[in-house]
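Given these sequences and hints, build the entire structure.
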Amino acid sequence: KHDHLAPIGNIYFMLEHGPVTGREARVYADAGHCAFKYYREWAPASFAWLREKLGG
333 KHDHLAPIGN IYFMLEHGPV TGREARVYAD AGHCAFKYYR EWAPASFAWL
383 REKLGG
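For the sequence shown, the working numbering gives the first residue as 333, with consecutive numbering after it.
Across the chosen pairs, the derived CB separations fall in these ranges:
#1 E384 / L347: 12 to 20 Å
#2 A361 / G387: 30 to 38 Å
#3 L386 / R358: 13 to 21 Å
#4 I340 / G387: 27 to 35 Å
#5 G387 / D362: 31 to 39 Å
It is worth saying that the hints were derived from the structure and are not from the lab. For clarity, every value in this text was computed on a predicted model and none was experimentally measured. Even glycine gets a Cβ: it sits at the ideal position worked out from N, Cα and C.
Structure follows, in structure tokens:
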């Protein structure tokens, strides 16, 4: 799906060229920018990721 807010090429560029720490992303082929149809999967995972990274 074409995403005008965060094209997949931009996401891959950030993953390939960004700092080594924090290079993590979830990309759903049939979903747009926020992948709302998958929120039941990514929302809990996002909070777990934040808890892990922020030490809470």
